Each structure stands twice: as structure tokens, then as C-alpha cells.
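Participant: Each chain, letter by letter, is given below.
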Amino acid sequence: MTTAQLLLSEVCKAFGGVQAVTRVGLDVRQGEILSVIGPNGAGKTTLLNMISGFYHPDTGRIALEGEDITRLKPSLVAARGVARTFQNIALFRGMTVLDNLMLGRHVHMKAGVVASFIYWKLAQKEEVAHRRRVEDIIDFLKIQDLRRRPTGSLAYGLQKRVELGRALALDPKILLLDEPMGGCNHEEKEDMARFILDVNQEWRTTIILIEHDMGVVMDISDRVAVLDMGQKIADGTPDEVRANPLVVKAYLGEAKGPANGGRRV
Amino acid sequence: MEADVSDLSTLPRLLQKNARDLGGRPAIREKDRGIWQSWTWREYLDEVRDLALGLAALGFRRGDRLSVIGDNRPRLYWAQMAAQARGGVPVPVYQDSIAKELAYVWNHAEVSVIVAEDQEQVDKVLALRAELPALRLVIYDDPRGMGGYRHDWLKSYKEVQEMGRLYAAEHPGDFEAEVDKGRPGDVAIICYTSGTTGNPKGAMITHANAIETAMTFQREARLVAEDTSLAYLPMAWAGDSVYTLFASLAVGFCANCPESPETVQRDLRELGPTTLLAPPRIWENMLTAVQVRAADATPLKRRTFDYFRAVAERAEILRADGKPVPPGLRVATALGEFFVYGPVRDQLGLRQTKWALTGGAPLGPDTFRFFRSIGVNLKQVYGSTETTGLVSLQPDTEANPTTAGRPVPGVEVKIGERGEVMVRGCAVFKGYLKNEEATREVIDPDGWFHTGDAGFIDPRGHLVIIDRAKDVGALQDGTPFAPQFIENKLKFSPFIREAVAFGHERPSVTAMIAIDLGTVGNWAERRGLPYTSYMDLSQKPEVRDLIREEIRKGNQTLPDATKIRRFLLLTKDLEADDAEMTRTRKVRRRYVADKYAPVIDALYGGRDEVELTTAITYEDGRQASIQSRVRIEDVEGASTRA
Numbered sequence: 001m002t003t004a005q006l007l008l009s010e011v012c013k014a015f016g017g018v019q020a021v022t023r024v025g026l027d028v029r030q031g032e033i034l035s036v037i038g039p040n041g042a043g044k045t046t047l048l049n050m051i052s053g054f055y056h057p058d059t060g061r062i063a064l065e066g067e068d069i070t071r072l073k074p075s076l077v078a079a080r081g082v083a084r085t086f087q088n089i090a091l092f093r094g095m096t097v098l099d100n101l102m103l104g105r106h107v108h109m110k111a112g113v114v115a116s117f118i119y120w121k122l123a124q125k126e127e128v129a130h131r132r133r134v135e136d137i138i139d140f141l142k143i144q145d146l147r148r149r150p151t152g153s154l155a156y157g158l159q160k161r162v163e164l165g166r167a168l169a170l171d172p173k174i175l176l177l178d179e180p181m182g183g184c185n186h187e188e189k190e191d192m193a194r195f196i197l198d199v200n201q202e203w204r205t206t207i208i209l210i211e212h213d214m215g216v217v218m219d220i221s222d223r224v225a226v227l228d229m230g231q232k233i234a235d236g237t238p239d240e241v242r243a244n245p246l247v248v249k250a251y252l253g254e255a256k257g258p259a260n261g262g263r264r265v
Numbered sequence: 001m002e003a004d005v006s007d008l009s010t011l012p013r014l015l016q017k018n019a020r021d022l023g024g025r026p027a028i029r030e031k032d033r034g035i036w037q038s039w040t041w042r043e044y045l046d047e048v049r050d051l052a053l054g055l056a057a058l059g060f061r062r063g064d065r066l067s068v069i070g071d072n073r074p075r076l077y078w079a080q081m082a083a084q085a086r087g088g089v090p091v092p093v094y095q096d097s098i099a100k101e102l103a104y105v106w107n108h109a110e111v112s113v114i115v116a117e118d119q120e121q122v123d124k125v126l127a128l129r130a131e132l133p134a135l136r137l138v139i140y141d142d143p144r145g146m147g148g149y150r151h152d153w154l155k156s157y158k159e160v161q162e163m164g165r166l167y168a169a170e171h172p173g174d175f176e177a178e179v180d181k182g183r184p185g186d187v188a189i190i191c192y193t194s195g196t197t198g199n200p201k202g203a204m205i206t207h208a209n210a211i212e213t214a215m216t217f218q219r220e221a222r223l224v225a226e227d228t229s230l231a232y233l234p235m236a237w238a239g240d241s242v243y244t245l246f247a248s249l250a251v252g253f254c255a256n257c258p259e260s261p262e263t264v265q266r267d268l269r270e271l272g273p274t275t276l277l278a279p280p281r282i283w284e285n286m287l288t289a290v291q292v293r294a295a296d297a298t299p300l301k302r303r304t305f306d307y308f309r310a311v312a313e314r315a316e317i318l319r320a321d322g323k324p325v326p327p328g329l330r331v332a333t334a335l336g337e338f339f340v341y342g343p344v345r346d347q348l349g350l351r352q353t354k355w356a357l358t359g360g361a362p363l364g365p366d367t368f369r370f371f372r373s374i375g376v377n378l379k380q381v382y383g384s385t386e387t388t389g390l391v392s393l394q395p396d397t398e399a400n401p402t403t404a405g406r407p408v409p410g411v412e413v414k415i416g417e418r419g420e421v422m423v424r425g426c427a428v429f430k431g432y433l434k435n436e437e438a439t440r441e442v443i444d445p446d447g448w449f450h451t452g453d454a455g456f457i458d459p460r461g462h463l464v465i466i467d468r469a470k471d472v473g474a475l476q477d478g479t480p481f482a483p484q485f486i487e488n489k490l491k492f493s494p495f496i497r498e499a500v501a502f503g504h505e506r507p508s509v510t511a512m513i514a515i516d517l518g519t520v521g522n523w524a525e526r527r528g529l530p531y532t533s534y535m536d537l538s539q540k541p542e543v544r545d546l547i548r549e550e551i552r553k554g555n556q557t558l559p560d561a562t563k564i565r566r567f568l569l570l571t572k573d574l575e576a577d578d579a580e581m582t583r584t585r586k587v588r589r590r591y592v593a594d595k596y597a598p599v600i601d602a603l604y605g606g607r608d609e610v611e612l613t614t615a616i617t618y619e620d621g622r623q624a625s626i627q628s629r630v631r632i633e634d635v636e637g638a639s640t641r642a
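Chains as they are written, first to last, in the numbering used here: chain A, 1 to 265; chain B, 1 to 642.
Think of the hints as simulated: they come from the structure by calculation, not from any bench. Since the structure is predicted, the reported quantities are computational estimates derived from the model, not experimental observations. In this text, a Cβ means the ideal position worked out from N, Cα and C, and glycines have one as well. The reader is advised that the hints may include incorrect statements.
Said to hold, decoys possible - On the chain B side, residues computed to face chain A include the following (Cβ under 7 Å):
id, residue
1, R33
2, S38
3, P143
4, G145
5, E259
6, E262
7, Q265
8, A289
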């Protein structure tokens with residue numbers, strides 16, 4: 001097997017007395033779409049937050065391309081090419097779509113405040129280069145008509161799309177998507193699934209996806225990891241995971257004696 | 001090998017001439033990544049040549065047919081030219097057509113190559129692949145998302161052009177030789193007319209039709225190479241081919257493709273084209289936008305706008321009647337130009353237009369007058385696919401909302417039996433593809449094309465169109481009844497999107513009306529009237545009262561016998577996807593009469609309510625139905641007013 005691009009080993013995280021994530025190991029391969037599924041409270045978002053550096057694990061280790069990033073600040077993780085979107089949209093609502101996307105380029109901007117002032121020609125050149133990349137993303141996501149619109153005025157599904165755009169503006173190696181289709185209608189889901197596949201194909205971006213819509217997950221994932229009560233209970237191709245008795249149990253309750261411990265998604 | 005460009009008998013030869021004479025001037029632009037990208041005439045020819053030879057390398061033969069599907073993109077226009085350069089025939093299709101319609105057209109025209117804009121369009125072709133035996137090659141423009149598609153018969157535009165360059169190296173002079181084989185009588189393009197009855201028919205337009213019409217258009221509309229246009233109307237519509245392909249080639253002016261259908265309004269403003277062709281719907285939307293902005297402005301600005309708008313309309317009415325404008329009014333309009341008209345035109349992207357045309361359907365007199373009064377030289381044009389889009393045009397000094405203009409030189413117009421408008425001349429098409437019978441029905445042995453429109457020539461020599469000839473009927477008492485004439489009166493109301501009038505062999509006139517969700521919705525919001533959906537809004541008593549008032553206004557200008565007596569509001573708009581309208585939004589009257597037979601019975605049966613079952617067809621062909629009870633209303637007073 002090829003070496004993992006992102007390697008989580010024995011990662012634990014507790015909030016007070018609640019053990020959110022227990023000894024989870026995960027190897028994410030370059031260029032794959034990996035979905036993390038599980039019932040509510042299974043620890044999916046916590047896992048994503050630890051990868052992106054919002055939380056640090058209590059024990060265990062996270063390595064990106066061989067480098068230990070377990071204790072890095074979010075900004076430093078981002079600078080290493082890990083971008084994310086949030087379950088609850090986190091855009092700057094008063095700013096335009098264009099400005100939000102340009103902000104996504106921030107980690108690539110070299111000219112500082114003072115430098116921008118003095119070396120205005122260089123800073124201008126840099127701005128043009130970044131704008132070009134942002135325009136590619138605008139074209140990619142088909143939001144040409146929204147450039148100058150404040151993001152707060154956009155429909156929910158479009159805000160999700162802009163948020164994906166801002167994550168893409170980082171030119172990420174790994175893209176973490178936390179429920180990108182949550183609260184979207186059928187058509188918006190189809191569009192988003194299409195964009196995710198296209199991102200993966202066009203730039204070979206590794207994608208880690210948390211999603212509740214099983215149809216979408218099984219359709220677009222190369223691999224699925226299942227969490228239940230903070231532990232990883234399965235990991236494999238969509239077909240393997242679908243056939244795994246532990247997964248069936250976590251989602252549908254015991255095959256025999258359905259009355260005890262039956263839990264729904 | 002130097003091309004012989006003295007012979008301008010086909011469109012590819014015009015392209016060769018433009019590349020030689022206007023080589024470095026912009027020929028076409030496309031807004032991409034937020035920036036207008038230009039191609040000169042020389043580059044235009046290079047792109048066309050590379051693709052044409054690539055097609056040749058892939059076995060495209062003379063007489064083969066190539067279809068394009070997508071938004072207005074330079075590459076799709078070039079693909080059509082490339083087909084023509086190889087003696088083939090382009091067949092543009094409406095990209096919003098449902099699968100069944102696309103399959104019909106592609107099969108009927110035996111299309112062997114389809115050039116698709118992007119993955120979305122390729123997917124449509126893929127879904128129909130099994131039903132298209134003649135199809136051998138699909139070419140896509142935008143490579144995005146296409147990485148996972150692996151088929152021998154699927155190639156990227158760039159790939160085909162690359163093959164073309166290799167082919168050129170092996171076959172020098174081949175491109176020019178094939179272009180030289182083209183004859184003016186060859187078919188240049190096949191445009192399918194959506195037809196209000198039955199299957200669409202493929203109208204064959206020859207190079208001679210195209211070039212003669214373009215030259216006439218150039219003379220009559222004073223087009224020059226410095227002009228600019230916006231290419232945003234559907235490519236499958238003959239009007240777009242005439243304007244963006246034929247006229248642009250004949251004159252050498254630059255056509256501009258917007259970034260996406262959603263950005264047209266903004267792109268229009270950025271570009272400020274010198275010429276603009278737009279259907280009535282666009283003009284109405286622009287006027288509504290201006291009115292909404294004015295209503296939201298500060299009181300001072302609003303009053304200024306209202307004052308100068310009234311001034312401009314007074315002056316325009318005088319000018320239209322040929323009366324002198326008094327000096328006081330002239331001073332006021334000059335001030336208005338500075339404070340209001342100029343800035344409004346600028347906001348709309350109409351500041352540089354030397355003329356703007358409206359056609360395809362009648363435009364309300366109020367809307368027409370508004371644009372003329374603020375200094376837009378708006379004029380009416382009349383034509384159809386079968387007449388290469390141009391029969392008559394209004395001269396600058398004779399613009400008015402009621403006529404279709406003067407027949408252009410080279411086109412004869414006469415009024416035949418039952419008032420039908422007949423046309424003869426260079427613009428008349430060659431015939432319908434594989435449909436001799438339909439061709440014989442519309443072109444008589446003397447070469448007159450029967451337009452199917454009923455009309456007359458007014459004392460000034462202008463053509464006036466009343467209705468479709470076959471739709472003109474009579475009430476039971478023998479009063480002539482022209483449904484479209486009545487419907488247009490209704491549709492001039494901003495609140496009414498569509499109307500269908502009944503009355504043939506009936507005692508009186510009744511109408512089914514579809515409200516305009518935008519304007520009625522806005523009206524309801526201003527009154528604090530809550531609603532959930534189109535269906536809900538359309539059945540509010542307040543909305544019925546609103547529409548009744550609008551019908552009364554329309555009735556005032558109708559003869560007593562044909563005033564509308566009863567009406568109902570439909571719970572959904574009429575849709576092309578439901579086969580109720582054509583893609584160019586003309587009511588398919590017979591189909592609607594069948595589909596809504598129980599409703600029509602109820603309208604005349606004196607009932608005040610009817611059960612309405614409406615089938616809806618989604619774009620992917622799925623069907624659903626909604627059921628509802630709909631009230632039928634009397635237009636009180638219509639019968640008592642003398």
C-alpha cells in the first residue's frame with residue numbers, strides 16, 4: 001500500500017468527562033475521497049477539528065506528509081495546505097464573494113502591510129496573480145454573477161458554494177468538508193457532489209468529507225470510515241462498509257432483539 | 001495558397017475576406033474570468049480552419065450535419081463556420097429543450113457531429129446516445145469534469161484542432177479548396193422552428209439567403225465594422241444566426257458573448273454595445289428594474305425622475321405625431337437628458353446604442369414609448385425563420401409601437417386570402433428538411449411564402465401584424481375574433497405574464513390568465529399580503545381583483561363584441577416543457593385547447609368554479625400533476641359598457 005498523505009494514530013480527545021474521540025487511527029491517501037460517517041455525536045467534527053488544528057489531541061499523533069502537525073496552530077496547518085469548510089457557514093457576511101475568496105488566498109500573500117505600501121508595484125503584481133486564481137475558482141463554481149454580492153445576501157446553497165470556493169482559494173492539498181450538503185435541497189446537493197468530484201479530479205485534491213446523506217456518500221467516496229461513540233468501527237470501500245455488521249448495528253441497532261440499544265441516524 | 005476572396009457567395013468566403021481586409025480588428029469577444037477576451041478576424045479564421053480540418057481528419061464529409069448545444073460561445077460559432085467550410089450544415093439546438101425534443105431534431109437532421117459546450121451538455125448527449133444512430137463524434141469545449149469520460153467518439157475541442165493542424169501539414173491547400181467548392185445555393189444552416197403544432201420543422205437557409213439578408217440588414221440598419229453587438233439570444237433561434245453569424249461576417253463588426261446567462265445585464269452595461277436586439281420580455285424587465293429603482297430612491301430623486309419622465313413622454317408623443325416640440329419642453333428635455341435620461345441609459349448599458357430592435361412578439365406601447373422618450377432609438381422588426389429573420393423594419397423617423405415597419409428592399413410583401421401576409425424575395429428559405437409536403441404548403445409555385453400571419457399594409461406603407469392567420473376565427477354572431485390581438489392587450493399589463501383567449505364559435509370571449517410571479521409577488525408584498533407559492537398567490541381574491549382591473553383596462557381598447565367577459569387565473573405559468581408553448585414562447589393553441597377542455601367548458605357553462613388538474617413535465621422528462629379548485633370570475637361591467 002502507498003504511504004499515507006495524512007496519518008492519524010491513536011488519537012484521543014476528551015471534553016471534561018466526555019470522551020469525544022477514542023484511539024482513532026486513520027490513513028488518508030493522496031487523491032482519494034474519504035468520507036467519515038457516523039451517528040450524531042460520534043466525534044466526526046471533533047476529528048476534523050483536530051486535523052485542522054482547532055483542537056489538539058490529548059494523546060496520539062497527526063502527521064501530514066511525514067511531518068508532525070499534532071500541536072500546530074490552525075494558521076500553520078492551513079499554510080501546509082489543509083483547507084476546510086464549516087458545518088455552519090463561516091463567511092464574512094458583509095463582504096463580497098470576491099473579497100471572501102481573495103481572503104482565502106491570504107496564506108499565499110507574501111507582501112506585508114508595510115511592504116504592500118512601499119513596494120506597491122510588487123504588491124500589485126501579486127494581487128493580480130491571486131485575482132487570476134480566484135477567477136479560475138469563480139469560473140469553476142459558476143458564480144460569475146455573484147462576484148460583487150455580499151455573501152450574507154445569498155441563498156444558503158450558494159453560501160455553501162462560496163465557502164467551498166474560499167477553501168479552494170487556498171490551493172489545498174487536503175480539503176476538509178464538514179457537511180457541505182447539510183440543509184441543501186436536492187438540486188443543490190447534486191451540484192455540490194458534482195463540484196466535489198470535479199475538484200478531486202481536476203487538482204487531485206484529497207478530500208475528507210463528513211456527510212449524512214448516505215446516497216451521496218456511497219456514490220462519490222473512494223473509501224468510508226465509520227465512527228461510533230468516538231471509536232472507529234469500520235474503514236473500507238463503500239461496499240465493504242455497507243456489508244459490515246458493526247456498521248449495520250451502529251446505524252440500525254442489533255440485528256436480533258431490535259428493542260435494545262436500537263439507534264437511528 | 002492564396003484564397004480567392006473576390007467571390008463572396010458563401011459565408012466561409014466572407015470570413016476569408018474579413019481575415020484579409022480586417023485582419024487585426026476584433027471579430028468576436030467572450031467574457032471569461034471576468035475579462036473580455038478578444039479574437040481578431042485572422043484568429044477567427046485560424047480557429048475555424050483548425051477545427052474544420054480536424055473534422056475532415058475525423059471523416060466529416062460534404063453534406064454532413066453538425067449540431068451545437070450550449071450558451072453563446074465563440075467556439076460554438078466557429079464550429080458552425082467550420083462545418084460550412086467543409087460543405088456541411090450546422091444545426092443549432094435549444095439547450096433548454098427536453099430530451100425527447102433533442103432526440104427528435106438530432107435524428108431528423110441525421111446529425112453526425114455534436115459540439116457541446118460543457119459536461120452538462122455532453123451528459124445530455126450521452127443519455128440519448130443509444131437513440132442516435134447517425135451520431136459518430138461528440139466534441140466538448142470546456143474540459144472541466146470530463147477527465148473520467150473515456151470514449152473513442154468523444155474528443156475535446158483542442159484535440160480536434162490539433163488534429164486539424166496535423167491534417168493541414170499533410171494536405172496543404174485543402175481548406176481553401178473545400179471552401180471554393182461551396183455554392184450560394186448550398187444550405188448554410190438548418191434552424192428548427194418549434195412550430196405551434198406537431199413536431200419541429202427544419203428550415204433550410206442557404207448561403208444566398210444569409211448573405212443577401214445580411215447585406216440588406218447592413219444597408220437598412222446602417223451597420224459598420226466599428227459596431228458592437230451582444231450575442232446572448234439562443235443560438236438555435238434564427239435571429240441570433242442572422243445577427244451574430246451572418247451580419248457580423250458581412251459587415252465585420254464584433255460580436256460579444258456574455259460570461260454566463262446570469263450576467264447578461266451586467267455585461268451589457270460594461271460593454272455598451274452600439275446595437276441591441278432584444279425580445280419584448282427583456283425590454284419589459286428593464287423598465288420594471290428602472291421603476292423599482294426609482295420607487296426605492298430618495299423622495300427628491302424620485303420626484304426628479306417622475307417629472308423628467310413625464311416631460312420626455314410628452315415630447316415623444318408630439319414627435320411621434322410629427323408635431324413640433326415647443327421651446328419650453330425642449331429646454332426641459334435637454335435638462336432631463338443631463339440629469340435623468342443619460343444616466344438611466346448608462347445604467348442599462350444603452351448609452352452608446354445607435355438603435356435597438358424589438359421583435360418576435362408585440363411590445364406594449366407604454367414600454368415602447370418609455371425607451372424612445374429617454375433617447376433609445378427603439379424600433380420594431382418583423383421576420384421569421386423561413387424569411388431569414390428579416391421582412392420589415394421601421395425607419396428611424398417612423399418608429400411606433402403598432403406596426404412591424406416597412407418591407408425592406410429586395411423583399412416583396414402582399415396580403416393574400418384571409419388577410420395572410422405573403423413574402424417573396426431573396427430572404428425566402430429553401431424549404432423544410434425532408435418535408436416536401438410542408439414546404440409546398442408554405443411556398444406557392446410563384447415563390448410566395450405564406451407566413452401564416454394575418455395582417456395588413458397601413459396607409460404609410462407599414463406592415464401591421466394582427467395574429468396568426470389560422471387562429472383568426474369568428475364568434476357565433478360572425479364577429480371576427482383574433483385571439484392573439486386580445487391576448488397582447490392583456491399581456492401589456494405588467495401583472496399578466498401569459499393569456500389565452502377563447503371565442504371561436506362561441507357567444508363571447510373568455511380568457512385563461514397566468515400571472516407574473518415577480519410583479520404580482522412584489523405587489524402583494526407591498527400590501528403585506530402573505531403567500532407561499534405561485535399557486536397560492538394566483539388564487540388570492542385580492543389578486544383576482546387586481547387582474548380584473550387590468551382586464552377592464554385592456555377591454556377599453558377592444559370592440560364591444562370582443563371584450564373579455566369571463567376569466568380565470570391559472571395555478572401555474574404556461575411552459576414550453578409542458579408543450580403548452582413553443583421555445584420562443586408562443587402559445588400552442590390547439591394543444592392548450594385540448595388540455596384545458598374542461599376549463600373552457602366551465603368558462604362557458606356559467607359555473608363559478610372548476611377542478612383543475614395540471615400535468616407538469618420536469619426538464620428531465622419526469623411528470624407530476626397538481627390538482628386544485630379554481631374560481632371563475634366575471635369581468636363585471638364589460639357587458640354593460642356601451
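Participant: Please go over all the hints and tell whether each is borne out by the structure.
Facilitator: Now for the hints, and whether the structure bears them out:
For R33 (chain B), the interface hint holds, since its Cβ comes within 7 Å of a Cβ in chain A; the closest pair sits about 4 Å apart. At about 17 Å, the closest approach between the beta carbon of S38 (chain B) and any beta carbon in chain A exceeds 7 Å, and the interface hint on this residue is violated. Checking P143 (chain B) against chain A by beta carbon gives a least distance of about 9 Å; that is not within 7 Å, so the hint is violated. Hint status for G145 (chain B): holds, given a least beta-carbon distance of 5 Å to chain A, under 7 Å.
Residue-level restraint check for E259 (chain B) holds (minimum Cβ-Cβ distance to chain A is 5 Å; threshold 7 Å). Because the closest C-beta pair between E262 (chain B) and chain A is about 4 Å apart, less than 7 Å, the hint holds. Given the 7 Å rule on beta carbons, the hint for Q265 (chain B) is violated: about 9 Å separates it from the nearest Cβ of chain A. Violation of the interface hint for A289 (chain B) is found here, the shortest Cβ-Cβ separation to chain A being roughly 15 Å, above the 7 Å cut-off.
Of the numbered hints given earlier, the model fails hints 2, 3, 7 and 8; all others are met.
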